[in-house]
Amino acid sequence: MAEAINAEGLTKAFGRTQALGGLDLTVHTGEVHGFLGPNGAGKTTTIRILLGLMRADGGTARLLGGDPWRDSTELHRRLAYVPGDVTLWPNLTGGEVIDLLGRLRGGLNVQRRDELIERFDLDPRKKGRTYSKGNRQKVALVSALASDVELLVLDEPTSGLDPLMEEVFRQVVAEETGRTVLLSSHILSEVEALCDRVTIIREGRTVESGSLAELRHLGRIAIDAELAAVPDGLGSLPGLHDLSVSGTRVRMSVEVSELDSVMRHLAAAGLRNLVSRPPTLEELFLRHYQHEELLGAAR
Amino acid sequence: MTGTFSLLRLVLRRDRVIMPLWVVTLALAPVGYAASIKAAYPTAASRQQFYDLNASSATFIVRNGPLYGPDLGELLAWQCGFVPVVVGLIGLLMVVRHTRAEEEAGRRELTGATVVGRHAGLAAAMLVTCGAFLVFGLLVALGVSAQGLPFDGALALAAEFVLTGWVFAGVGAVTAQLTWGASSARMLGIGALVLAFMLRAAGDSSASAGWLVWLSPIGWAHRMRPFAGEQWWVFGLAVVVTIGLFAAAAALSSRRDLGAALLPARLGRASAVASLRSPFALAWRLQRGTLLVWTVCLALIGLLMGGVAKNVQSMAQDNKAVSDLFERLGGGGALIDAYLAGTMTLFGLVAAGYAVQAALKLRAEEAAGRAEPVLATAVGRGGWAGGHLAFAVLGPVIVLAVTGLATGAAYGSGVGRLVAAALAQLPAVWVLAGIAAVLIGFVPRFAAAAWAVLAGFLVLSLVGSALQWNQVVLDVSPFTHLARLPGGTFTVTPVIWLVLIAVVAGMAGVTALRRRDMPVG
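Residue numbers (our numbering), protein chains in the order written: chain W, 1 to 299; chain U, 300 to 820.
I should point out that these hints are in silico values taken from the structure, not numbers from a laboratory. No experiment lies behind these values; they were computed from the predicted model shown. Where a beta carbon is used, it is the ideal one built from N, C-alpha and C, also for glycine. Treat each hint with caution, since some may be false.
[Claimed, not checked] Estimated spans, in silico, between C-beta atoms of each pair:
no. : chain 1 : residue 1 : chain 2 : residue 2 : range
1   : U       : 404       : W       : 207       : 32 to 40 Å
2   : U       : 404       : W       : 238       : 50 to 58 Å
3   : U       : 789       : W       : 123       : 50 to 58 Å
4   : W       : 65        : U       : 775       : 48 to 56 Å
[Claimed, not checked] Output of the computed footprint for chain U on chain W, the stretches with three or more beta carbons under 8 Å from beta carbons of chain U:
no. : region
5   : 84 to 95
6   : 242 to 255
[Unchecked claim] 25 Å max Cα-Cα, derived SDA-like pairs, lysine to any residue:
no. : chain 1 : residue 1 : chain 2 : residue 2
7   : U       : 337       : U       : 368
8   : W       : 126       : U       : 566
9   : W       : 126       : U       : 573
Produce the entire structure from the sequences given, and follow the hints as far as they go.
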């Protein structure tokens with residue numbers, strides 16, 4: 001079983017709102033997979049379908065080799081889920097919730113639980129109603145991470161954590177070996193630091209999926225160069241964008257496929273200095289949303 | 300208090316359906332009572348006879364307060380004697396709903412960060428609630444005087460309702476500051492309401508401790524004396540107390556942080572006990588407190604009602620005229636049985652309220668986002684729903700058995716008979732649990748309509764049967780089909796039908812729940 005999650009062409013509508021319009025998601029066993037998209041893109045709906053909480057209108061979904069709707073109870077023994085908005089029972093303590101959810105999944109590693117409570121600096125004796133959002137998230141995270149499961153489904157798990165705790169979270173996930181993690185997020189640096197592969201969705205559809213290296217290949221490389229003289233017609237070269245010229249200094253972004261030809265032109269013009277930088281995930285991400293923003297601005 | 304006005308509009312918008320609904324329905328009650336008294340006791344002689352029979356009856360004094368005279372207005376005011384309790388409950392719940400419940404849901408944080416003053420939320424909740432009671436009072440005054448009663452008395456009757464609504468709105472504002480959650484604020488407030496009722500009942504039915512009624516806002520309401528020499532200054536007293544309670548709530552609220560409480564929260568266990576490992580164990584943990592409160596409250600009312608029944612009996616033995624009257628009405632024993640049977644219907648309706656609340660816990664868990672993490676574990680939906688529905692089904696058994704026991708213990712004889720009579724209410728109670736399950740399964744957003752259904756049955760049982768509505772209408776309520784016990788004859792057929800309906804409804808609800816999306820926002 002090489003694929004922990006395989007969803008194809010998922011569609012889901014709530015009344016007249018089309019939440020998912022053909023979403024694909026493939027997560028390989030053992031990898032940390034980033035699931036990216038802005039609020040309302042359909043991340044949580046996808047996760048709920050994968051957990052068998054909601055039924056897709058169309059498309060197919062497989063989770064750990066089973067049908068997420070039909071086999072949900074059995075499959076849930078093998079996974080742990082942290083919802084995006086964690087609410088706890090007001091009269092149960094954090095420690096009780098950690099144990100209860102772990103036991104309902106089928107088992108909890110008590111030693112690991114205590115270690116995680118320590119690392120996340122959580123007071124497990126407080127009642128649910130007295131925790132802040134970040135502390136509620138810690139409760140759910142500790143319970144999930146300490147459970148004996150093979151798949152972790154984390155829906156924006158760090159949205160309430162302070163930078164210090166976010167760092168702890170990164171360390172803990174980075175230490176995970178062998179377990180599959182689906183990490184939904186819109187914090188790109190987190191995904192960049194943790195994930196082997198990412199899927200970017202927009203308005204309920206998958207717009208990009210692959211390893212970070214593959215995605216970078218689809219992106220543009222930023223180039224900052226000092227030339228002997230700026231050649232004419234530089235701006236009209238294919239695959240060259242966002243050119244800005246100040247004196248003999250040129251800045252641009254170049255599509256990876258056209259890098260070779262652009263570099264020949266620059267070299268021919270006499271290179272004095274050159275800095276190149278691969279695209280960040282943020283740039284990849286924004287590229288898919290600029291279209292939408294332009295539409296928004298025109299309205 | 301900047302921003303009070305905009306928050307006020309928010310409160311009005313949130314309550315735009317429920318508020319007009321209770322204002323109008325409840326205002327119709329005294330109008331309906333007036334019409335029915337006129338019809339039932341058309342002559343002065345018949346009203347005098349009613350007065351002679353009831354003015355000294357401990358049973359009715361405990362429930363409705365003192366009967367001041369034999370005229371139509373006095374009979375009406377007495378008939379409405381329990382309305383202040385209902386009105387007080389509404390005021391209390393409404394203020395908690397718009398203060399502590401908002402805060403608990405985190406919405407107060409949202410509005411609190413905008414340009415609104417510290418007390419704006421509290422002030423808006425109080426203003427809307429008090430305003431709603433004012434409109435309600437106006438409708439009552441106009442409606443009752445339109446029945447041909449003196450306007451002064453109608454106004455005083457309206458004022459006694461407004462007064463209890465206001466004071467308990469103030470009580471709600473204070474309890475909302477004291478506790479950690481909205482539900483404990485409600486419980487504390489309801490405790491105050493029950494205490495007020497008992498103080499009034501004790502003061503009214505005792506010759507030596509009559510001053511007790513002055514400790515109770517419900518007692519003040521009756522001391523307005525509508526149609527019997529109105530005492531307007533009592534209303535002034537209530538206004539002062541309401542303002543005092545509001546000021547106290549505001550002062551308490553400035554002394555605490557958002558989300559915090561004055562009664563401190565204690566630390567609990569760092570890890571769960573070994574038994575907390577199943578959906579049923581979780582349901583038990585979440586529901587046991589509520590079950591205990593309902594059982595204790597209803598048992599206390601049972602003690603009160605049983606004690607009253609005993610009084611009725613001794614009064615009949617002591618007083619020749621009264622015992623003669625009882626003989627004519629079918630014997631003292633039969634009269635007490637009729638009274639106890641009516642009490643059992645009341646217990647059944649209250650137990651149904653518990654069943655509805657226990658079943659709706661499913662929906663509350665879902666809406667609050669607490670169902671999702673549980674259902675994402677190896678817990679199936681059937682198991683999750685079953686844990687809570689077990690309380691809706693078995694909880695009323697405990698509530699009614701203990702209440703029947705308490706009634707019998709206070710009455711002093713026939714304990715077994717009264718426990719059986721209380722348990723005989725169960726089939727109708729279970730029908731309501733079934734209705735709640737159907738709503739949760741099929742139309743989760745409107746699951747709270749189960750309360751409206753219960754309210755409808757309550758009206759049919761308490762008002763409809765007294766006003767002798769058409770039997771077809773009365774038959775809609777499952778409580779109509781139960782044998783009137785003690786005293787009546789028990790038949791099995793309606794029990795089988797009601798249980799069958801409850802089982803089918805429950806199964807349909809759970810099946811729908813297993814097939815639909817979770818959570819529905």
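key: Broken hints, by number   = Violated: hint 6 alone.
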